[in-house]
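Same order as they appear, the protein sequences are chains A and B.
Those letters in the first sequence? Residues 1 to 301, by our numbering.
Those letters in the second sequence? Residues 1 to 232, by our numbering.
Simulated from the structure, these hints should not be mistaken for lab results.
Treat the hints with caution; some may be incorrect.
Stated by the list, open to error - Under the rule of at most 30 Å between Cα atoms (straight-line distance), these lysine-lysine pairs were calculated in the DSS-like manner:
1) A:263 x A:284
2) B:13 x A:84
3) B:121 x A:271
4) A:271 x B:107
5) A:78 x B:121
6) A:84 x B:52
7) A:288 x B:121
8) A:284 x B:119
9) A:146 x B:121
10) B:110 x A:271
11) A:84 x A:146
12) A:84 x B:121
13) B:6 x B:210
14) B:107 x B:121
15) A:206 x A:84
16) A:263 x A:283
17) A:271 x A:283
18) A:146 x A:122
19) A:78 x B:210
20) B:192 x B:150
21) A:288 x A:84
22) B:12 x B:52
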Amino acid sequence: MLSYWTGVATLTGIYLIATLGVSILVGFTGLFSLGHAGFMAIGAYGTALAVKMLHLPFYAAILVGILASMLAGALIGKATLRLKGDYFVIATLAIGECTKLLIENIPSITGGARGLADIPRKTNFFVVWTILVIVVVLLHRFLNAKHGRGCVAVREEELAAKSIGIDTTRTKMLSLLISCALCGMAGGLLAGYMGYLYPIMFTMAKSNELTMTVILGGAGSLTGTILAGLVLIPLPEYLRIESAEEWRMVLYGVLVVIVVVFKPSGLMGNKEFTVSGLLRRLKKWFSKEKRNGEKGAGERG
Amino acid sequence: MLHVQKLSYAYKKIQALTDVSFELRDGEIMSIIGANGAGKSTLMKCIAGVLKTQENAVQLDGRPLARRPHQVVQHGVVLVPEGRWIFPGLSVEENLEIGAYVVGSSKQGKERAFTMFPKLKDRRRQRAGTLSGGEQQMLAIARGLMSDPKIIMLDEPSLGLAPLIVNDIFSIIQQINREGVSVLLVEQNARKALNVADRACVLEQGRIVKQGTGSELASDESIISAYLGGKK
């Protein structure tokens, strides 16, 4: 039982790394993506093939996966990031689906729909969560430095960002590459954890889940993404206990409706979760309760 | 220091600017006045690199000015665009911090902005989108100054503001100028623009039809009747 929950925690960590990548792109830079599972697939298959065909050690192979994913990102970014409008979203949608179809249709290399097996299982809980913590720290520092602020400026108002000297195309590209690198890494870790890969692990539904988690957590909040991810990614596993997996999509739908109606900016909005912030909130809430209590008592008296 | 030479620009088939030439000298305020559609904002965008013009049309200190917006800012020329364009979802302070993007973070710059605009200091944690129009304009100007420019270009800073606030904005423009920043000002409020200007140009249908000192133009008969509402 313990090993089962360690497994759930490991997978959660892996998908959280990917979600954080999507958060930088969708949440902080304001570029919508519907195909980031494709970048995960490129990272996963890149890593697996580098191990199996080039006989690289696993961690060098992950690097190959990351680079392959960034290369794919750079190509669609180069083509679409200069354009205004929805071209970028469409391109991400295309790359997500194309990647999956390509993998299915070159069985000689990728194993096709039957999958790719016998990948050395080198990933475990500690590796994943150590990497996750490092990623969170690095992203936090990135967002509070020059280029991270540039991303937020691009999301808020592109023309204003240009007028204060931000190269908006480069900023968007940077953000896209970061998200591709993280998704590629998550893919590589996934390959090393599962030991096998199938194209159906990287469907459009998976891409949507990544983007939806970011939006539910709050676009522009790293802690919001983490909180939402910790709840939503292992959701099917909680539900499995009462064999209610089919209810997952219903729950997703209900959650999206609740958030859109009551807090359109997501769980955390664009605020970060801090302990001092929480204490301040609680203090405010308690003093209000107390005042209300006194008022109630006064009326009764 | 800023030299514009025979600058032309066309939106597809519509010629917006034809052979515009003028010079902004070190430390002066220059106003460009003109009616709607005369090409004033187009001119600003061309200089700022938002719109592409022919090479060498704009020169800074004898060298051609860069042609991409972020490079123009790095060269010390900053545009405060028409309609303010602040970052509405960020706080006043965050807006200012992003303004210092090209110079890295600048504590001094923020202090300077807050002494120049005390109102912004009171509202530093407030979301910029909730400020009044005048405060937003001040924030836009303050943010432009954060990159420590040599030249600041203001596109219609008085647009849509109450008369009293307009007076504030113009006295701030003069204050900025006294601190050594050259100002290129585009305005529809011709009387005010000519009052503060050392020199001025009149733009009509994409051409400069008159140039002179501010007071010269303010006493010019044809300008009085066309832009200053008849009798003085």
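Hints numbered earlier in the text: which of these fail when held up against the supplied structure? Of the numbered hints, 5, 12, 18, 19, 21 do not hold.
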